[in-house]
Amino acid sequence: MGLLLAVLGFAAVAQMRLTRDDSDYSGQRREVLIELLDSLFSAAERTLGQVDELERTRDELLSSSERRQIAIDEAESRLQVLEVLTGTVAATGPGVTITITDPEDSVAAASLLNGIEELRDAGAEAIEINDTVRVVASTFFTEQDGEVLIDGVAVRPPYLIDAIGSSHTLSEAVIFPGGLADEIERLGGTVSVEEANLVEVGSLHSIDTPEYSQPTEG
Amino acid sequence: MIAAFGLALGVLAGLLMEPSIPEALAPYLPIAVVAAMDAVFGGLRAHLDGVFDDKVFVISFVSNVLIAATIVYLGDQLGVGGQLSTGVIVVLGIRIFSNVAAIRRHVFHA
Amino acid sequence: MTHLPGGLREDGPDASEAPHIGLLTQVMTQTLDQDYAAVARRRDPQVPDPSPRWRIGALSVLLVFGLMLGVSALTTDQEQPLIAAERAELIEQIEAGQSKLADQQQQLAALSDEVARMQSRLAAELTDDRLLSNRLTALGVAAGTIGVTGPGVVVTVDDARYTGEESGGVVLDTDLQLLVNGLWEAGAEAVSIDDHRLTSLTSIRLAGEAITVDYRSLAPPYVIEATGDPDTMPARLLETRGGQFWLDLKTNYGVQFEIVAKSQVSIPADLRDHLLYAAPRRAT
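Protein sequences, first through last, are from chains A, B and C. So in this note's numbering, spot 111 of the first sequence is number 111, and the numbers just go up one at a time. So in this note's numbering, spot 35 of the second sequence is number 35, and the numbers just go up one at a time. So in this note's numbering, spot 137 of the third sequence is number 137, and the numbers just go up one at a time.
Any given hint might turn out to be false.
Claimed, not checked - To give an idea of the chain A side of the interface with chain C (calculated C-beta under 7 Å), a few residues:
#, residue
1, LEU54
2, GLY93
3, ILE164
4, GLY165
5, GLN214
In case anyone wonders, no lab produced these hints; they're calculated from the structure. Note that beta-carbon positions come from the ideal geometry of N, C-alpha and C, so glycine has one too.
Whole structure, please, built from the sequences with the hints as guidance.
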């Protein structure tokens, strides 16, 4: 009797053991195995679908990122040009340095303005006066108490104009008959033009946020 | 004694000759064997009860085997072959157990 | 229908339960073929077994039974390795499937990490882009490469109706320069002459007989538009040196000079945003 119970106990424990460490599936019935395999297949299929979808998303992101990079590069180079045009960054390049003396204090704002227009006409891309005032589109020349003011800043002779552009064309424009040199000399001053391979326009113009103008694009 | 001899001869013949059974009949052999076992144990019990009859034994054997195989075949056709064979085996199993218990009572008087 | 339940309640339990109990009990109790008992009851105990043919039949049935047992055992024995092989294959497939699934899930996790990283970077980049775009717009407006609209003034000037011999009645490039200079001084934000935007590259020059703006010849009357405060700009313009100068021209030479405040003026863009010589030099 005791022997029988012992055998029963042993068998029960053995079976429980077998059921517990079932990592190699040896105790599983065939149907269970097939079901497991089926569920594995469908899980794999689902995962594969997700992987596909994510890969598509990633590729889209990559291509949009690439397209963005191209747009950014373009924008950056545009930005550089705009910064030079608006005088918000220092600029270098070939050009001329024009020195205007005015011993008789007779050179007026209008003459300087006309000179600037001549330089613009000759293709000057960046201009500054006396290394202090950057000349941009909105720069205005006024006079007060016999002094010339550019954008409200007093500028005293001798006037030193740095202009970046084709140095030859710029100097031609200055010494052209009836040009700036003639006009200044008529007023008793002197003009000297020096062509240089590298002119530095270092002064900056700060732009204000427009109050009345709305951009029509961009 | 002769009966036991016939049984042993059959087992030996089956093992030695390795007869190949048709593929279509293969699924019904195990259930037929169980049905046959029911008939055989029934016969043995009848023998011990003293009511054994050769004719009844032969007929019960043949009909058991045929009915069991037919039920499973029908089940297969209906798509419930697995469940039906389980049911048949349960019923036959209960009968076999009861018969063996009766035989045991005869042999051991317990 | 309405009166049936009474009858059904009485019959129901007996009719449905009795057969179940009967069947189970029958299976449990009547295990021996009743035919044995029936035949035994009919048989005369005195007569010995009447048919030896049935004895032979019984023996052959036993023989067949033995044969079935043997074949069955043999078949199962033969199938055993097959089943084991099938199991092994199944298990192999399961393990392969599991490791594949684990790989895929790892890949999935890596991918979703990557995508999340890219998306958050993209979000950050979008902010950068917006900043860059805002800056581009602000600079474009200032540089004149982006058109603007807004309130402002329209100044129309023309040569004197009767120029006669006096040259003072003709509008010169310097006259326009002074006028534009005055507009900037009066707070103009953007200025155009005859729809040519004035930028830092634009010149107002006399070429031959005609005034050119941005190298394009213009003919009088000249229409100068500027955005800015429409309430104060006309007065401020007249206070400037340029305004004074033009009032003089108007009085003394009959030159036409008219300032009109507008709630809306449109200044076009100058699309020249390409530099040949100047390059930015950033502080290092």
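Which hint numbers doesn't this structure obey? The structure conflicts with no hint, since it agrees with every one listed earlier.
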